[in-house]
Amino acid sequence: MAVIRDFAFQGAQMLLVLLLSPLLTGFVRKVKARLLRRQGPPLLQPYRDLIRLMRKDVVLADNASWLFRVIPYFIFAATWIAASLVPTFQSGLLFSWSADLIAIIAVLGSARFFLALAGLDVGTSFGGIGSSREVMIASLAEPAMLMIVFTLALIAGSTQLSTMAAFMNSPEVGLRVSLGLGLIALIIVAIAENARIPVDNPATHLELTMVHEAMVLEYSGRHLALIELAAALKLLVYLSLIACLFAPWGMSPPTAEPRLLIIGVAAYVAKLAVGGVLLAVFETAIAKMRVFRVPGFLGAALMLALLATLLRFVSRSF
Amino acid sequence: MHGITFDIAHLLAGSLVVMSFVQLYQDRLSALINVFAAHALVLALSVAWQAFVQEAPHLYITAVIALVFKAIVIPVALRRIIVRLGIHREIETVVGVGPAMLLGIGLVALSMVVMLRVTADADPLAREDLAFALSVVLLGLLMMVTRRNAVSQVIGFMSLENGLVLAATGAKGMPLVVEISVAFSVLIAFIVIGIFLFRIRERFDTVDMQAMDRFRGEKR
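If you're matching them up, the sequences are chains A and B in order.
Sequential numbering from 166 applies to the first sequence in this note's numbering.
Sequential numbering from 10 applies to the second sequence in this note's numbering.
Just so you know, these hints were derived from the structure itself, not from any lab.
It is possible that part of the hints are untrue.
As the list claims (entries may be wrong) - The calculated SDA-like cross-link candidates involving lysine to any residue, where the alpha carbons are at most 25 Å apart (straight line), are:
(1) LYS453(A) - VAL442(A)
(2) LYS453(A) - GLU378(A)
(3) LYS453(A) - GLN35(B)
(4) LYS453(A) - SER304(A)
(5) LYS453(A) - ARG98(B)
(6) LYS453(A) - LEU232(A)
(7) LYS453(A) - TYR34(B)
(8) LYS221(A) - LEU232(A)
(9) LYS453(A) - ILE349(A)
(10) LYS453(A) - VAL31(B)
(11) LYS453(A) - GLY105(B)
(12) LYS453(A) - VAL191(B)
(13) LYS453(A) - ILE17(B)
(14) LYS453(A) - LEU54(B)
(15) LYS453(A) - GLU101(B)
(16) LYS221(A) - THR289(A)
(17) LYS453(A) - ARG37(B)
(18) LYS453(A) - ILE352(A)
(19) LYS453(A) - ILE100(B)
(20) LYS453(A) - VAL106(B)
(21) LYS453(A) - MET301(A)
(22) LYS453(A) - GLY107(B)
(23) LYS453(A) - SER39(B)
(24) LYS453(A) - ASN43(B)
(25) LYS221(A) - PRO206(A)
(26) LYS221(A) - LEU183(A)
(27) LYS453(A) - PRO206(A)
(28) LYS195(A) - ARG213(A)
(29) LYS453(A) - LEU348(A)
To be verified - So the derived label-pair ranges between C-beta atoms look like this:
(30) VAL434(A) - GLY105(B): 38 to 48 Å
(31) ILE100(B) - ARG234(A): 46 to 56 Å
(32) ARG203(A) - PRO108(B): 37 to 47 Å
(33) GLY12(B) - SER263(A): 30 to 40 Å
(34) MET221(B) - VAL300(A): 41 to 51 Å
(35) ARG126(B) - ARG458(A): 38 to 48 Å
(36) SER304(A) - ASP214(B): 37 to 47 Å
(37) GLY105(B) - ALA268(A): 32 to 42 Å
(38) GLY226(B) - ARG458(A): 35 to 45 Å
From the three backbone atoms N, C-alpha and C, an ideal C-beta is built for every residue, glycine too.
All chains, please: the whole structure from these sequences, using the hints.
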């Protein structure tokens, strides 16, 4: 019975993240539009886009290989797996014990690797530009992310997300400078990984500025739908990760008590909404960076994460 | 000593190190001066918290001195200087932000390794303050070495002095007289440096230190 219940909760989380992620993307777009005093597309527009794309035919380039056709499914699957591993409304879910934070980063990293391959596959120059930029960003963002994980793992004594969330929720965390630095670094990495504004503009097809859009330019139909859904899921994964590590309040412990579950879901949705609004405000307030300034931006994240680790050693020595 | 008081002291002292890094990151003079003011503000907060924790009222005076002179008077004066020199829009060509940051991280690691070993049996609050203070001092020195513009070298010097004040407040027992005299000597040093800046400018038409190497007969 307990196993069935665990599966039910895990399945509920997987469905929840899948259903919420286009809504989150639509919500961020809507808030951004309102901040610019535009009407903006309706909140449900991303769902309509996805349904429309699913119905359309796939147009493939003549020289596209089998890899090009397989990659959208792989990227979507990998991102969904990562989303199912991050605790959202309830900690200690069934799957969360099979992989820790480092595994989640590795899964997302392999999805990115295949996306870069897809950009190169057809052989257009845009895809090549997109892939090379994406890999440049990744080579800086991933070390920073790993340093953040090390810092958090040193503080919480585990790389298991449920354990870390439980530790962050307990009063023994105190006020730590390393955690603050880690949070800032994680936000910078999340912005870079999700191709948000200072690094990449998610709303443009202007060739000089795009990174993510350039790689997926050759995709159409259901392939494009899957990639868009995976991108929306990735944004949700990073927001959930930040919420789970730095604001785990209200997350339900592994029980079946309905009151705690309702509180957990409500808190999760509220956290996503707050994160979405903050992201939209940040994106509206800042200008897109030149591509060659991105290493400086991400280097700051790497430096903050390194500094957080160092400061952590000072605080531990007492 | 443990618990929230220690955490806040740690947080403030750590923020001072972070502000030093922010200083290293800035390559525009006016932004650099803003960051220096913030650096001094964090120092004042940190000293005030130490005064509260150690129940040493004279440290509040140190905090006020740091706040008034370093967070308000000196930044305002520096801003006037760069406006009068016409270099407030200047973008410095630094050694490179990346290498400077990496060097800075190395220096912080070095100071932690040294200080945590040397002060093994000291009071924990003093100990972490000393470790952070040494890093702030080293980062100030790094700033002076990696910058070409005389104004940013002055800022490096001032932030180095902030590190010294942090060390002095952490290790209880620096008399008030010494503290006040240090504060005033820094102020006087600042005035002297300010005068020198204008003299250098008059003489060589620039405050770029590389130009001065040429006049000393060194290479280039």
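Task: Given hint ILE100(B) paired with LYS453(A) - CA-CA distance at most 25 Å - done: Within the cut-off at roughly 20 Å; holds.
- [ ] Mind checking the hinted window 38 to 48 Å against the Cβ distance between VAL434(A) and GLY105(B)?
- [x] Check passed, 45 Å falls within 38 to 48 Å.
- [ ] Confirm or reject the claim that ILE100(B) and ARG234(A) have a C-beta distance inside 46 to 56 Å.
- [x] Because 49 Å falls inside the window, the suggested range holds.
Task: Holds or violated: LYS453(A) to VAL106(B), with C-alpha atoms at most 25 Å apart - done: holds, 20 Å
TODO: Return holds or violated for the Cβ distance of GLY105(B) and ALA268(A) against the range 32 to 42 Å.
DONE: At 36 Å between Cβs, range holds.
Task: Pair hint outcome, LYS453(A) versus LEU348(A) [Cα-Cα no greater than 25 Å] - done: holds, 22 Å
Task: Outcome of range test on Cβ distance (GLY12(B), SER263(A); 30 to 40 Å) - done: holds, 37 Å
TODO: Could you grab the alpha-carbon distance between LYS453(A) and ILE349(A) and see if it respects the 25 Å cut-off?
DONE: At roughly 19 Å apart (the allowed maximum being 25 Å), ILE349(A) and LYS453(A) satisfy the hint.
- [ ] Starting from LYS221(A), check that the Cα of THR289(A) is at most 25 Å away, please.
- [x] Distance of about 23 Å is within 25 Å: holds.
Task: Pair hint LYS453(A) and ARG37(B), alpha-carbon separation not exceeding 25 Å - done: Judged against 25 Å, a Cα distance of about 19 Å means the pair holds.
Task: Proposed proximity, ARG98(B) with LYS453(A) (alpha carbon, max 25 Å) - done: holds, 21 Å
Task: Hinted pair LYS453(A) and GLN35(B), Cα distance within 25 Å - done: Roughly 19 Å separates the two Cα atoms, so the pair holds.
Comparing the model with each earlier hint shows violations of hints 6, 12, 13, 14; every other hint is respected.
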